[in-house]
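Construct all of the structure, not just a fragment, from the sequences and the given hints.
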Amino acid sequence: MAKNKSAVELKEMKNGEIVEEDSDDGPVHVVPPDGGWGWVVMMASFCCNIIVDGIIFSFGLVVTNLAESFEVPVSTVSWVASLLAGFYLLAGPFVSSLATRFGFRTVACAGSVVAGLSFAVASLAMSVEFLYVFIGVLGGIGMGLVYVPAVVAVGFYFEKRRALATGIAVCGSGIGTFVLAPFTTWLLGYYGWRGTLLIHAGLVLNCAIFGAMFRPLEPTKKKKITRRQLANEEEVSAGTPLMVRIKRERDEKLRDDDQQEAMNQQQQTDHFHSSTNSLNNTVKLVGIKAKRSSTLTDSASSLGKKEKETPLLAAAGANIPEVVEETDGKKKSNGCMRAVSSLIQFSLFKSPTFNLLCFASFITFLGFFVPFMFLAARAEQLGADKESASFLLSIIGITNTLGRVACGALSDHPKVNVLMVNNAALTLGGVVTIATPFFPAYEMLIVYACLFGLSIACFASLRSILMVELLGLENLTNAFGLCLMFTGVSATVGGPLASMFYDATNDYDASF
1 MAKNKSAVEL KEMKNGEIVE EDSDDGPVHV VPPDGGWGWV VMMASFCCNI
51 IVDGIIFSFG LVVTNLAESF EVPVSTVSWV ASLLAGFYLL AGPFVSSLAT
101 RFGFRTVACA GSVVAGLSFA VASLAMSVEF LYVFIGVLGG IGMGLVYVPA
151 VVAVGFYFEK RRALATGIAV CGSGIGTFVL APFTTWLLGY YGWRGTLLIH
201 AGLVLNCAIF GAMFRPLEPT KKKKITRRQL ANEEEVSAGT PLMVRIKRER
251 DEKLRDDDQQ EAMNQQQQTD HFHSSTNSLN NTVKLVGIKA KRSSTLTDSA
301 SSLGKKEKET PLLAAAGANI PEVVEETDGK KKSNGCMRAV SSLIQFSLFK
351 SPTFNLLCFA SFITFLGFFV PFMFLAARAE QLGADKESAS FLLSIIGITN
401 TLGRVACGAL SDHPKVNVLM VNNAALTLGG VVTIATPFFP AYEMLIVYAC
451 LFGLSIACFA SLRSILMVEL LGLENLTNAF GLCLMFTGVS ATVGGPLASM
501 FYDATNDYDA SF
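Residue numbers (full-length UniProt numbering): 1 to 512.
It should be emphasised that the hints constitute simulated quantities derived from the structure, not laboratory data. For each residue, glycine too, the CB sits at the ideal point set by N, CA and C. Do not rely on the hints blindly, as some may be mistaken.
The calculated label-pair distances, taken between Cβ atoms and stated as ranges, are [claimed, not checked]:
(1) His413 - Thr353: 21 to 29 Å
(2) Gly189 - Ile434: 27 to 35 Å
(3) Lys415 - Val493: 20 to 28 Å
(4) Tyr191 - Thr505: 27 to 35 Å
(5) Ile209 - Ile434: 36 to 44 Å
(6) Met444 - Gly35: 39 to 47 Å
(7) Glu387 - Pro437: 18 to 26 Å
(8) Val493 - Val72: 43 to 51 Å
(9) Lys160 - Trp186: 40 to 48 Å
Structure (structure tokens):
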């Protein structure tokens, strides 16, 4: 027998049944229902995004109060908001691995509890360093545990309507910013920052309810065959290959680790029989290592073109079970190594496309959170009151919401190039942000908030769609998580860097 783990394993049950099961090798492919419970998952994801992103994007409003309360520079306190956003993203690859292992529902509920407790404990903080740990690190990780399942789960429930469903789900981020920005301002004025953190903790705990709605998709049912059924099967000739199982990748090419052949060692014929007559009991099966080839060959015979194009299960008979190859006693010897390597799917870094996506995301998130942290403060610098200043974040939120829905619907059109839409949106956001120092009045900042909200809407709603189109659905969870890790690093650094420019110049122009 070949030492490689086969695509299918045969297990004998106590009742004499033979059960064929999918191997642990490779991803389990499920068919998206494109509706049904998927709409419930979409709305649950929408609500999670309202709470998680709403709190994170409006947390910059709390920074000023913290600086005044602890009597420290803004750059010192800005690390709290930056660590919150950074760890919320940095946790991506680890959360993706946990979601693959335990499911979206379990991970999202656990993250809700972690983030809620962290914010509640942080309300008792007596130092900025305490906030670094409980809001920045633990709160950020908890938020990430909710965010990744909320975004990724929608992609598994939809295929034809994936862009629209994802756009609706992630537009909860814009709704959250629109609602929670003025709400946070009101909380700060009425309860102070400690009471605000307690109420935020209660809001985050509600994500456990929504996370419980991420019901896992059931894989294809396993086929069971009794020994009696096997004995009663009609026979096929000893020269007929019993079964060849091939897993197909997105590019429909045969991969080295995705092919398994079970061929007759005593090959005596050069074609397939289309019936199940005459199965000899002495057929011997040997494992043959797959070669990187788009054809199936055997050293004893040459298959004709017609036979090579015929689905093998159909040629051999629909009632014939899949051949099962027993693995040796070393099956679980490398389990720990597989678990560690699966935490980060390093093979993705072999893809130039994936590397470019990570680099673009890293650069984008260096400045992504700067407007959320300092736009309100810049408006106050221009003479606006606190309510008017915080309303700018609400404008970003509402335009972000409308943009995500519109972008999702537009991207479902077959003639729309999703990559071009994404790149154009990022370019627009960068240009208007650079031009912000030349906006001398509050009214100009309203225009900026509208344009910036629209630009980040396309980027946020199309990110997972791009990964599916460029890398395949089977790589979505790991690719999304790894990409979040890179954005987490840049998001952590971006806020304090902008704060340093402000401390040095006492003006937010350099920060923008």
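Quick check: does the Cβ-Cβ distance between Glu387 and Pro437 fall within 18 to 26 Å?
Distance hint for Glu387, Pro437 holds at roughly 24 Å.
So the hint says 21 to 29 Å: do the beta-carbon atoms of His413 and Thr353 match that?
At roughly 22 Å between Cβ atoms, Thr353 and His413 fall inside 21 to 29 Å, so the hint holds.
Could one say that the CB atoms of Tyr191 and Thr505 fall in the range 27 to 35 Å?
The hint (27 to 35 Å, Cβ to Cβ) holds, given that Tyr191 and Thr505 are roughly 33 Å apart.
That 27 to 35 Å hint for Gly189 and Ile434 (C-beta), does it hold up?
Given range 27 to 35 Å: holds, Cβ gap about 33 Å.
Status of the given 36 to 44 Å range, CB of Ile434 versus CB of Ile209:
holds, 42 Å
Range hint 43 to 51 Å: satisfied by the CB atoms of Val493 and Val72?
For Val493 and Val72 the Cβ distance comes to about 19 Å; the hint is violated.
Taking 39 to 47 Å as the stated bounds, is the beta-carbon spacing between Met444 and Gly35 within them?
holds, 44 Å
Just tell me: holds or violated, for the beta carbon distance of Lys415 and Val493 against 20 to 28 Å?
violated, 39 Å
Does the beta carbon distance between Lys160 and Trp186 stay inside 40 to 48 Å, or does it fall outside?
holds, 42 Å
The structure fails hints 3, 8 (numbered hints given earlier, in ascending order).
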